[in-house]
Amino acid sequence: MGNQRRRSLIVLGFIVVLFAIVLAQVVNLQVFDRGRYVVYGAGQRTNTQILAADRGAILDRNGAELVISRPGRSIFVDPKLVTDASSESAKLAPVLGLDPLWVESRMNGKGRFAYLARRVTSDVADQVAALGLAGVSSLEESERFAPAGDSARSLLGSVDVDNVGISGLESQYGAALTGTPGSLSLERSPSGRTIAVGDHSLTPAQKGDDLKLTIDQSIQYEAERLLGDQVKATGAKGGVAIVSKPGTGEILAMANMVLDPETGLVRVSSNNSALTTQYEPGSVMKTVTISGAIEAGQVTPSTQFNLPPTLKIYDAEFGEAEGRGTVTWDTTQILTHSSNIGAIKIGQGLGKDALYATQKAFGLGVKTTLDFPNEASGSVLAPSKYSGTSLPSIAIGQGISVTPMQLLFAYNTIANQGVYVAPKLVDSTIDAQGVEHLTAAGDSHRAVSTATADKVNLMLRNVVNEGTGQHAAINGYSVAGKTGTARKPQPGGGYADKFGITRYQSTFVGFVPAQQPALSVYVMLDEPGGDYTGGATAAPVFSKLGSFALNRLGIAPAATDLALGGAPVSSVLGLPSSSMQATITDGDRVRALTAGSPAALASSVPTTIPPATTTTTSAARKTASVR
Numbered sequence: 001m002g003n004q005r006r007r008s009l010i011v012l013g014f015i016v017v018l019f020a021i022v023l024a025q026v027v028n029l030q031v032f033d034r035g036r037y038v039v040y041g042a043g044q045r046t047n048t049q050i051l052a053a054d055r056g057a058i059l060d061r062n063g064a065e066l067v068i069s070r071p072g073r074s075i076f077v078d079p080k081l082v083t084d085a086s087s088e089s090a091k092l093a094p095v096l097g098l099d100p101l102w103v104e105s106r107m108n109g110k111g112r113f114a115y116l117a118r119r120v121t122s123d124v125a126d127q128v129a130a131l132g133l134a135g136v137s138s139l140e141e142s143e144r145f146a147p148a149g150d151s152a153r154s155l156l157g158s159v160d161v162d163n164v165g166i167s168g169l170e171s172q173y174g175a176a177l178t179g180t181p182g183s184l185s186l187e188r189s190p191s192g193r194t195i196a197v198g199d200h201s202l203t204p205a206q207k208g209d210d211l212k213l214t215i216d217q218s219i220q221y222e223a224e225r226l227l228g229d230q231v232k233a234t235g236a237k238g239g240v241a242i243v244s245k246p247g248t249g250e251i252l253a254m255a256n257m258v259l260d261p262e263t264g265l266v267r268v269s270s271n272n273s274a275l276t277t278q279y280e281p282g283s284v285m286k287t288v289t290i291s292g293a294i295e296a297g298q299v300t301p302s303t304q305f306n307l308p309p310t311l312k313i314y315d316a317e318f319g320e321a322e323g324r325g326t327v328t329w330d331t332t333q334i335l336t337h338s339s340n341i342g343a344i345k346i347g348q349g350l351g352k353d354a355l356y357a358t359q360k361a362f363g364l365g366v367k368t369t370l371d372f373p374n375e376a377s378g379s380v381l382a383p384s385k386y387s388g389t390s391l392p393s394i395a396i397g398q399g400i401s402v403t404p405m406q407l408l409f410a411y412n413t414i415a416n417q418g419v420y421v422a423p424k425l426v427d428s429t430i431d432a433q434g435v436e437h438l439t440a441a442g443d444s445h446r447a448v449s450t451a452t453a454d455k456v457n458l459m460l461r462n463v464v465n466e467g468t469g470q471h472a473a474i475n476g477y478s479v480a481g482k483t484g485t486a487r488k489p490q491p492g493g494g495y496a497d498k499f500g501i502t503r504y505q506s507t508f509v510g511f512v513p514a515q516q517p518a519l520s521v522y523v524m525l526d527e528p529g530g531d532y533t534g535g536a537t538a539a540p541v542f543s544k545l546g547s548f549a550l551n552r553l554g555i556a557p558a559a560t561d562l563a564l565g566g567a568p569v570s571s572v573l574g575l576p577s578s579s580m581q582a583t584i585t586d587g588d589r590v591r592a593l594t595a596g597s598p599a600a601l602a603s604s605v606p607t608t609i610p611p612a613t614t615t616t617t618s619a620a621r622k623t624a625s626v627r
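Heads up: the sequence shown begins at 1 in full-length UniProt numbering, then just goes up one per residue.
Heads up, a few of these hints could be off.
As the list claims (entries may be wrong) - Computed list of lysine to aspartate or glutamate pairs in DMTMM-like fashion (alpha-carbon distance at most 20 Å, straight line): (1) 360 to 375; (2) 385 to 320; (3) 207 to 262; (4) 367 to 443; (5) 237 to 78; (6) 488 to 322; (7) 207 to 431; (8) 352 to 315; (9) 91 to 104; (10) 498 to 527; (11) 488 to 353; (12) 488 to 531; (13) 360 to 443; (14) 488 to 431; (15) 385 to 353; (16) 237 to 262; (17) 237 to 123; (18) 207 to 260; (19) 232 to 262; (20) 207 to 162; (21) 367 to 322.
Stated by the list, open to error - Beta-carbon label-pair distances, calculated as ranges: (22) 13 to 105: 39 to 45 Å; (23) 263 to 440: 49 to 55 Å; (24) 530 to 161: 20 to 26 Å; (25) 436 to 475: 36 to 42 Å; (26) 5 to 108: 36 to 42 Å.
To be clear, the hints were calculated from the coordinates, so they are not data collected in a lab.
Quick caveat, the model's predicted, so the values are computed rather than measured.
The C-beta atom is built at its ideal place from N, Cα and C for all residues, glycine as well.
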């Protein structure tokens, strides 16, 4: 009897302890942990959806849309709400054009969210909704769209499936374009349906900034059309064309065209060669060499040189593009007829240190301030690394590499009376409230004096009027520019391939109107056939593109263009620089620079450039038929 009573008490005690534990747990849940479990329960009932921000648009200088975000829909599934994956996937897969087994595997996933199809048409999204499948729904997801198609594609860039920039401006300005995501939280029933009177909260997404470029869409179109036509006509591998405003550095067009070897069709290139490719420029570099020599007082436009047909330096023999006998030409004729021997002699007189300093002052061998993805820096050989033939080679544009953009802005320096103005591609950003924020201008510096630039300007006009650049002429306007026909170096060294074939890159670069430069244009053809010279292949594109851009922007001929009536520049080369300075200007930016204090125009040309030692003469120049 006593044992039975003892067992009863033990059982009763156990029940009391167990009840106390349960009671304590209930109190803990209801009192102490109530907040945590309320939040947990709400989380089980609440579905939060991230609202992607619309990516900002990319606009041209006039507000034309180059790239925009347009509405799209993506199909997704919540596997926890799927009741019959096999049956539902069989119905859904044909609508989406997908494999039923793949769709079924997504429906059987362990998470709460899985994409089935990204950015489908509205018709497809409507068909999916009409099926009424449990757990299958759609969400808005914008997609990038270029109204102009492939135009400027290598400049504008692209995005991945998640709208993240992966190339071009889409990548470079990704942070500004992306915007800030929002969120939408809705209370749902156990079946997954939204509770109409349930709790909900909305944090709107904030659209990304718009990017307003300096590009003019019409000039961009025409640059691509004209360049593409010439690539096709000459059988070239591709080409580059750039249009800019020298005084402000604004880039109006940047065309990159390529011949598709598989289809034989010319198309817009996916590679922005204007900035990412460097090449040996050839004779267009003679302008920089001669500018340095004039700046140093080494030569004047009328300094005469005795030029043999060839020139042997160490183990290399240099000659002209076309054979000739011994001639006496002055500096202007050397540039006009693109004499290799003459430019080499001028480079030798200038010296390697001063030549290197001049190239750097003109912005060569260093990346521009555009900071474009994968931009090339070019390569300017330091004097300490020169071999015996480096100086003559580099003086004529071989053994040095530049990007098309660098070369154009070197010529802009002459157009700007010796002031280097950095390129500008993005004019402003426009935030979600519509407020426009202008981008800062790049650094500018003086490369050579106004007097030197004015003299070289006149000499470059003679190239077009009397020399190798005659096909670059634009009716009614004075044009200053230079041709270049550069051999392409081979990967293993030298310029000829294993079959002894040499290939060329042909260039024309210049500005117009020469007296009051408002536009500059660069054109390069990669491996053109037939008459492959820059004067025959690139110069005609310069003429047509320059004419279109002048008309598009309403730029009239300079007063001196009309006064000279097309007279050869050689007839006015005797004008002193002071008489030209009033007419050779380029935009408010350069006018402000040239009117500034000496401190604001501190020259970047090193003081190591040697003083003049060459005796000059004003003897009349001769002419010759040299391309």
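Here is how each hint holds up against the structure:
1. 360 to 375: holds (17 Å)
2. 385 to 320: violated (26 Å)
3. 207 to 262: Given pair residue 207, residue 262 is violated - Cα atoms ~41 Å apart, limit 20 Å.
4. 367 to 443: Judged against 20 Å, a Cα distance of about 13 Å means the pair holds.
5. 237 to 78: violated (51 Å)
6. 488 to 322: With a Cα-Cα distance of about 18 Å, the restraint between residue 488 and residue 322 holds, given a limit of 20 Å.
7. 207 to 431: Holds - the C-alpha atoms of residue 431 and residue 207 are around 8 Å apart, at most 20 Å.
8. 352 to 315: holds (19 Å)
9. 91 to 104: holds (11 Å)
10. 498 to 527: Measuring from Cα to Cα gives roughly 17 Å; hence the hint holds.
11. 488 to 353: Violated - the C-alpha atoms of residue 353 and residue 488 are around 26 Å apart, more than 20 Å.
12. 488 to 531: holds (16 Å)
13. 360 to 443: holds (14 Å)
14. 488 to 431: violated (46 Å)
15. 385 to 353: holds (11 Å)
16. 237 to 262: holds (12 Å)
17. 237 to 123: Status violated; Cα separation ~42 Å.
18. 207 to 260: violated (38 Å)
19. 232 to 262: holds (14 Å)
20. 207 to 162: Holds - the C-alpha atoms of residue 162 and residue 207 are around 15 Å apart, at most 20 Å.
21. 367 to 322: violated (35 Å)
22. 13 to 105: 39 to 45 Å: Distance hint for residue 13, residue 105 is violated at roughly 56 Å.
23. 263 to 440: 49 to 55 Å: violated (43 Å)
24. 530 to 161: 20 to 26 Å: violated (45 Å)
25. 436 to 475: 36 to 42 Å: 38 Å Cβ-Cβ, so the 36 to 42 Å window holds.
26. 5 to 108: 36 to 42 Å: violated (60 Å)
In terms of the numbered hints stated before, the structure departs from hints 2, 3, 5, 11, 14, 17, 18, 21, 22, 23, 24 and 26, listed from lowest to highest.
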